[in-house]
Amino acid sequence: MKKKKGLSVLVPYAYITPISLILLTFVAGSLIIAVCFSFTRYNIITPAKFNGLYNYQKLFRDDKLRICIMNTLKLTVIIVPLQLFTSTLFAVLIAARQNTFLGKLTKAALFIPVLSSSAVVGTVWKTILNGGHPVVRAIFGIFGIDPTMLLGSSESAIVTVACIIVWKGMGYYMIITLSSLMSIPDNYYEAAKVDGANTWNQLTRITLPLLKPTLIMNGFLATVSAMQIFDMVYTMTGGGPSMSTTTMVMYAYQLTFKGSKAGYAMTVSNVLMLMVLVIVLFQQRFMRRDASEI
Amino acid sequence: MKKVLRLFVSLFLICIILICTLPFAYMILMSLKSTINAYDFRFSLDTMSLQQYRKIFANPSFVRYFINSVIVAVAGVFLTLFTSCTAGYAFAKLKFKGNDKIFLCLILTMLVPSEVILVPLYIVVRGLGWVNTFKALILPLPTAFGVFIMRQAMLAIPNELLESAKIDGASSMKILWSVVLPLVKSAMLTLSIFTFLGAWNNFTWPLIITTEDALRTLPLALTTIKAQYDVDVGLTMACATVTFLPPFIFYLALQSKFEAGAALSGMKS
Numbered sequence: 001m002k003k004k005k006g007l008s009v010l011v012p013y014a015y016i017t018p019i020s021l022i023l024l025t026f027v028a029g030s031l032i033i034a035v036c037f038s039f040t041r042y043n044i045i046t047p048a049k050f051n052g053l054y055n056y057q058k059l060f061r062d063d064k065l066r067i068c069i070m071n072t073l074k075l076t077v078i079i080v081p082l083q084l085f086t087s088t089l090f091a092v093l094i095a096a097r098q099n100t101f102l103g104k105l106t107k108a109a110l111f112i113p114v115l116s117s118s119a120v121v122g123t124v125w126k127t128i129l130n131g132g133h134p135v136v137r138a139i140f141g142i143f144g145i146d147p148t149m150l151l152g153s154s155e156s157a158i159v160t161v162a163c164i165i166v167w168k169g170m171g172y173y174m175i176i177t178l179s180s181l182m183s184i185p186d187n188y189y190e191a192a193k194v195d196g197a198n199t200w201n202q203l204t205r206i207t208l209p210l211l212k213p214t215l216i217m218n219g220f221l222a223t224v225s226a227m228q229i230f231d232m233v234y235t236m237t238g239g240g241p242s243m244s245t246t247t248m249v250m251y252a253y254q255l256t257f258k259g260s261k262a263g264y265a266m267t268v269s270n271v272l273m274l275m276v277l278v279i280v281l282f283q284q285r286f287m288r289r290d291a292s293e294i
Numbered sequence: 295m296k297k298v299l300r301l302f303v304s305l306f307l308i309c310i311i312l313i314c315t316l317p318f319a320y321m322i323l324m325s326l327k328s329t330i331n332a333y334d335f336r337f338s339l340d341t342m343s344l345q346q347y348r349k350i351f352a353n354p355s356f357v358r359y360f361i362n363s364v365i366v367a368v369a370g371v372f373l374t375l376f377t378s379c380t381a382g383y384a385f386a387k388l389k390f391k392g393n394d395k396i397f398l399c400l401i402l403t404m405l406v407p408s409e410v411i412l413v414p415l416y417i418v419v420r421g422l423g424w425v426n427t428f429k430a431l432i433l434p435l436p437t438a439f440g441v442f443i444m445r446q447a448m449l450a451i452p453n454e455l456l457e458s459a460k461i462d463g464a465s466s467m468k469i470l471w472s473v474v475l476p477l478v479k480s481a482m483l484t485l486s487i488f489t490f491l492g493a494w495n496n497f498t499w500p501l502i503i504t505t506e507d508a509l510r511t512l513p514l515a516l517t518t519i520k521a522q523y524d525v526d527v528g529l530t531m532a533c534a535t536v537t538f539l540p541p542f543i544f545y546l547a548l549q550s551k552f553e554a555g556a557a558l559s560g561m562k563s
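Chains as they are written, first to last, in the working numbering: chain P, 1 to 294; chain Y, 295 to 563.
One or more hints might be untrue.
[Claimed, not checked] Quick look at which bits of chain Y chain P covers, simulated, 3 or more residues with Cβ under 8 Å:
1. 306-318
2. 411-421
[Said to hold, decoys possible] Simulated pairs of lysine-lysine, BS3-like, Cα-Cα distance not exceeding 27 Å:
3. K297(Y) x K104(P)
4. K258(P) x K58(P)
5. K58(P) x K261(P)
6. K391(Y) x K126(P)
7. K349(Y) x K104(P)
8. K297(Y) x K193(P)
9. K389(Y) x K460(Y)
10. K74(P) x K64(P)
11. K551(Y) x K212(P)
12. K74(P) x K261(P)
13. K479(Y) x K468(Y)
14. K126(P) x K64(P)
15. K296(Y) x K104(P)
16. K104(P) x K212(P)
17. K64(P) x K261(P)
18. K391(Y) x K460(Y)
19. K74(P) x K126(P)
20. K479(Y) x K104(P)
21. K460(Y) x K387(Y)
22. K479(Y) x K389(Y)
23. K391(Y) x K193(P)
24. K391(Y) x K468(Y)
25. K126(P) x K258(P)
26. K258(P) x K74(P)
27. K74(P) x K212(P)
28. K389(Y) x K468(Y)
29. K429(Y) x K258(P)
Treat the hints as calculated values from the structure; they're not laboratory data. From a predicted model like this one, the values you see are computed outputs, not experimental measurements. The beta-carbon is built from N, C-alpha and C at its ideal position, and this holds for glycine as well.
Could you build the full structure based on these sequences and the hints that come with them?
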């Protein structure tokens, strides 16, 4: 009897073992490896050699890294506000006509880019922009833009990539915003109407303040994902022209697989990890303060 | 005035629909052209052909990519469901030492940005000798997010239900299988959809961890086919369409679940 009980104590641990093993190996293992190898000289083929803080000193002398950090920050600064603005605008517009055919169709259409692979999105947009098709040229011509130059010139490539990333993600953030819009009780709006508030007042006095936690959340998710962009850039520009779209993750990738400097690549990854961590902590503070205000 | 505004908003929504769908329409139209006139935009039906699709499916390595994608996505869904449901059940309904603390530790792993640890993850998997194996493609798919979702869903199940099953002599495995899981079907479906979508669309990880054609997945085909056929637009677009269609069909069939899942995944942190 006692023995049976002794074994049954272990049952819950058996249930959590599979996922714990996976996360321990892949996530915790990676974190440890990243820290250990960042102090070594390592090219994935020959054994790693300890070289102290050399990689960390190298960070400060690396002009390429500086460009990559700037590119990553540029992407984040363009993507996050644009992503928040478009997704909130569309959520508000769709919420007003949730049950109409047009509203449903817009919601569905916005979701199509979200569920396609970034490889598909990257390839299709690259083909459209580079193809020089007469119809495409005509559409962009209305705005006075030469589509083949959008990804081809180092000034506009990063903005173009950012816009396409926003295009791909806006449906996702729209759904999050829409679902919290739907949870605002109707009687708030009814009371406001009785008091004579117009649509604009309702939007700025009720909807947006109540959406604030969701918007902060969206902003945070968009920031964290913008800082680690890799696949869209890889498929659309490969980091070019002349490094104008090389992000930090891409730089780490290139260092490892093209430059065989995996040790230094992990030092770069750690810098990015720290940057993201700062944002996470900042957001936690922000959220908590916001919650205590209510 | 109000009517004008309403009309304006309607027009704006139509613009959004066009902006979101036209690139995909372009992709499908291009894939139906033979290569010589891929940039020829006449809509006459007689110039359309399935020639490009015949060509890609005649290519054995493309068929391999397709099968690999299916294997990885389906195995990923089952592995995620298995690990998330068992762990979710333990965290939600079983009492054991360190329950809260272990759960918190697992949840903290969600804060680790996935693309940032690509290089160290590659070294871990390489150290295990798993480069170019299905293990490497499938095993890292489950995340703590699945555990979180399943735990939340299972917390809502009343304890009395489980206790009465226990009195009837059911083992905890039996309780999980025949009492708990049927009650959280909806959460399981949502989690499956999102795992499938993530695994099917994943580009970066397969790119890094596979070097042999035999293990590569569909999104990678888009970059390799281009190199093989020297920028054959029609062919690339056919390949993109094949990569795009399975998640799209899933979406059409399970639209509301997709939306619930997206809204849910936004609340993860």
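Worksheet entry | Distance restraint between K460(Y) and K387(Y), which requires alpha-carbon spacing of 27 Å or less | 12 Å, holds
Discussion item. Against the 27 Å threshold, does the CA-CA distance of K64(P) and K261(P) hold or violate the hint?
Written reply: 14 Å, holds
Worksheet item: the stretch 411-421 of chain Y covered by chain P? Criterion: 3 or more residues, Cβ-Cβ distance below 8 Å.
Response: holds (count 10)
Discussion item. Check whether the Cα positions of K297(Y) and K193(P) lie no farther apart than 27 Å.
Written reply: With a Cα-Cα distance of about 19 Å, the restraint between K297(Y) and K193(P) holds, given a limit of 27 Å.
Worksheet item: Is the hinted pair K74(P) and K212(P) satisfied, with a Cα-Cα distance of at most 27 Å?
Response: 24 Å, holds
Worksheet item: Taking only the CA atoms, is the gap from K391(Y) to K460(Y) under or equal to 27 Å?
Response: 21 Å, holds
Worksheet item: Can the restraint linking K74(P) and K126(P) be considered satisfied, given a maximum Cα separation of 27 Å?
Response: The hint holds at about 21 Å.
Worksheet item: When you check the alpha-carbon spacing of K391(Y) and K468(Y), does it fall within 27 Å?
Response: Cα-Cα ~22 Å, so holds.
Worksheet item: Is the Cα-Cα distance between K74(P) and K64(P) 27 Å or less?
Response: 15 Å, holds
Practice prompt. For the pair we were handed, K391(Y) and K193(P), check the Cα-Cα distance against 27 Å.
Written response: 54 Å, violated
Worksheet item: Does K479(Y) pair with K468(Y) here, judged by a C-alpha cut-off of 27 Å?
Response: Measuring from Cα to Cα gives roughly 16 Å; hence the hint holds.
Worksheet item: Would the pair K389(Y) and K468(Y) pass a check requiring their Cα atoms to be no farther apart than 27 Å?
Response: Distance ~17 Å between K389(Y) and K468(Y) Cα, so the pair holds.
The structure does not agree with the numbered hints 6, 7, 23 stated previously, though it agrees with the rest.
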